[in-house]
Amino acid sequence: MQTKPIALTILDAASVIVLGIAAYLALVFAPTELVMGDVQRVFYFHVGTAWVGLLGFLIAALSGVVYLITKDMKWDRFEVAAVEVSTMFFFITIVLGSIWARPAWNTWWTWDPRLTTAAVTELIYVAYFMLRQGIEDPEKRARFGAVYTLLGGISAPITFMVIRLFRTIHPVVIGNQSAAAQGGFDMTADMRTAFFFALFAFTVIFIDLMWHRLRLGAFQEKVEQLKLKVSI
Amino acid sequence: MFLETTPDTSGYMIAGYVIAFATMGIYVLGMFLRTRNLKQDLETLESMQSDKKASRPKKGKPKTAGKK
Numbered sequence: 060m061q062t063k064p065i066a067l068t069i070l071d072a073a074s075v076i077v078l079g080i081a082a083y084l085a086l087v088f089a090p091t092e093l094v095m096g097d098v099q100r101v102f103y104f105h106v107g108t109a110w111v112g113l114l115g116f117l118i119a120a121l122s123g124v125v126y127l128i129t130k131d132m133k134w135d136r137f138e139v140a141a142v143e144v145s146t147m148f149f150f151i152t153i154v155l156g157s158i159w160a161r162p163a164w165n166t167w168w169t170w171d172p173r174l175t176t177a178a179v180t181e182l183i184y185v186a187y188f189m190l191r192q193g194i195e196d197p198e199k200r201a202r203f204g205a206v207y208t209l210l211g212g213i214s215a216p217i218t219f220m221v222i223r224l225f226r227t228i229h230p231v232v233i234g235n236q237s238a239a240a241q242g243g244f245d246m247t248a249d250m251r252t253a254f255f256f257a258l259f260a261f262t263v264i265f266i267d268l269m270w271h272r273l274r275l276g277a278f279q280e281k282v283e284q285l286k287l288k289v290s291i
Numbered sequence: 014m015f016l017e018t019t020p021d022t023s024g025y026m027i028a029g030y031v032i033a034f035a036t037m038g039i040y041v042l043g044m045f046l047r048t049r050n051l052k053q054d055l056e057t058l059e060s061m062q063s064d065k066k067a068s069r070p071k072k073g074k075p076k077t078a079g080k081k
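Chains as they are written, first to last, in the working numbering: chain A, 60 to 291; chain B, 14 to 81.
It should be emphasised that the hints constitute simulated quantities derived from the structure, not laboratory data. Any given hint might turn out to be false.
Claimed, not checked - Here are the computed lysine-lysine pairs in the DSS-like style, where the Cα-Cα straight-line distance is at most 25 Å:
| # | chain 1 | residue 1 | chain 2 | residue 2 |
| --- | --- | --- | --- | --- |
| 1 | B | K65 | A | K286 |
| 2 | A | K288 | B | K65 |
| 3 | B | K52 | A | K281 |
| 4 | A | K199 | A | K288 |
| 5 | B | K66 | A | K63 |
| 6 | A | K286 | A | K133 |
| 7 | A | K281 | A | K133 |
| 8 | A | K133 | A | K288 |
| 9 | A | K63 | A | K281 |
| 10 | A | K199 | A | K133 |
| 11 | A | K286 | A | K130 |
| 12 | B | K52 | B | K66 |
| 13 | A | K63 | A | K199 |
| 14 | A | K130 | A | K281 |
| 15 | A | K281 | B | K65 |
| 16 | A | K286 | B | K52 |
| 17 | A | K286 | A | K63 |
| 18 | A | K133 | B | K52 |
| 19 | A | K199 | A | K130 |
| 20 | A | K281 | A | K199 |
| 21 | B | K66 | A | K288 |
| 22 | A | K199 | A | K286 |
| 23 | A | K133 | A | K63 |
| 24 | B | K52 | B | K65 |
| 25 | A | K63 | B | K52 |
| 26 | B | K66 | A | K281 |
| 27 | A | K133 | B | K66 |
What the hints assert, rightly or not - Partial pick of chain B residues on the chain A-facing surface, computed with a CB cut under 7 Å:
| # | residue |
| --- | --- |
| 28 | L46 |
| 29 | L55 |
| 30 | M61 |
Here a beta-carbon is modelled for each residue, glycine too, at the ideal position from N, C-alpha and C.
Construct the complete structure from the given sequences, taking the supplied hints into account.
Below, the structure is given as structure tokens:
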């Protein structure tokens, strides 16, 4: 494995710092929401992780397109890294949403349009890894993966837009609220600070984890090639 | 007059943040372990490759007994 670049070490430190600040702003700095109480504080990490989750799925779809055009395996590695990191973040989004829903909606889960599309999106990308596991040939695996992420990428904008297009109980924080929405709230200036900082913090962490995952992918490829060389 | 109090939902908040940090921690740990395992694989493969090179017979003229 190549030696770790100094920029990545700096980014690692920056990620830890911004995560700490985001947690402080969410847990201490932001005021307590009067109707829901402290559980509203999960909102900052819920939206932050959702943002990088959906962003990563779109990046994976774009990487898939570039791979199909160039046939360069580095784009396949980029696609895998984006999907893996985003699937992890989107899992956090769903779990935090479910935890918030229990006191806000009096249920852990409901088949609301937003919750349904989010669950489908997560399952699409879990299945992506199952698909890749089942294909031996690296080029075929990359081609199938690229087409899959391209089709799966459609689920990201659908998940984002669904609460703005359909009647849903999921609140809309930015934009017009559905009449049926439950648990919505108006953000104060301090809440907005915590909210936008969380978006920034998770973007930094996402870039950092993507970089690490890309290095791991390149290292895996090196080991695979050496395995083939030794076995001949 | 109604006296409305903010409900105590701090237990849910703590559970949420514990799960969020644990998930990220497990992912980072997983990535570290995968890297460590690959490093071990690489070391094994490199030693196998050097053993293979050492055991391969050298090409060239076979050694014959010289004239005395």
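Structure-based check of all given hints:
no.	hint	verdict
1	K65/B / K286/A	holds (13 Å)
2	K288/A / K65/B	holds (11 Å)
3	K52/B / K281/A	holds (11 Å)
4	K199/A / K288/A	holds (21 Å)
5	K66/B / K63/A	violated (30 Å)
6	K286/A / K133/A	holds (19 Å)
7	K281/A / K133/A	holds (12 Å)
8	K133/A / K288/A	holds (21 Å)
9	K63/A / K281/A	holds (16 Å)
10	K199/A / K133/A	holds (15 Å)
11	K286/A / K130/A	holds (23 Å)
12	K52/B / K66/B	holds (21 Å)
13	K63/A / K199/A	violated (31 Å)
14	K130/A / K281/A	holds (18 Å)
15	K281/A / K65/B	holds (19 Å)
16	K286/A / K52/B	holds (13 Å)
17	K286/A / K63/A	holds (24 Å)
18	K133/A / K52/B	holds (21 Å)
19	K199/A / K130/A	holds (11 Å)
20	K281/A / K199/A	holds (19 Å)
21	K66/B / K288/A	holds (12 Å)
22	K199/A / K286/A	holds (19 Å)
23	K133/A / K63/A	holds (18 Å)
24	K52/B / K65/B	holds (20 Å)
25	K63/A / K52/B	holds (14 Å)
26	K66/B / K281/A	holds (19 Å)
27	K133/A / K66/B	violated (31 Å)
28	L46	violated (11 Å)
29	L55	holds (5 Å)
30	M61	holds (5 Å)
Consistency with the previously given hints fails for numbers 5, 13, 27, 28, ordered from lowest to highest.
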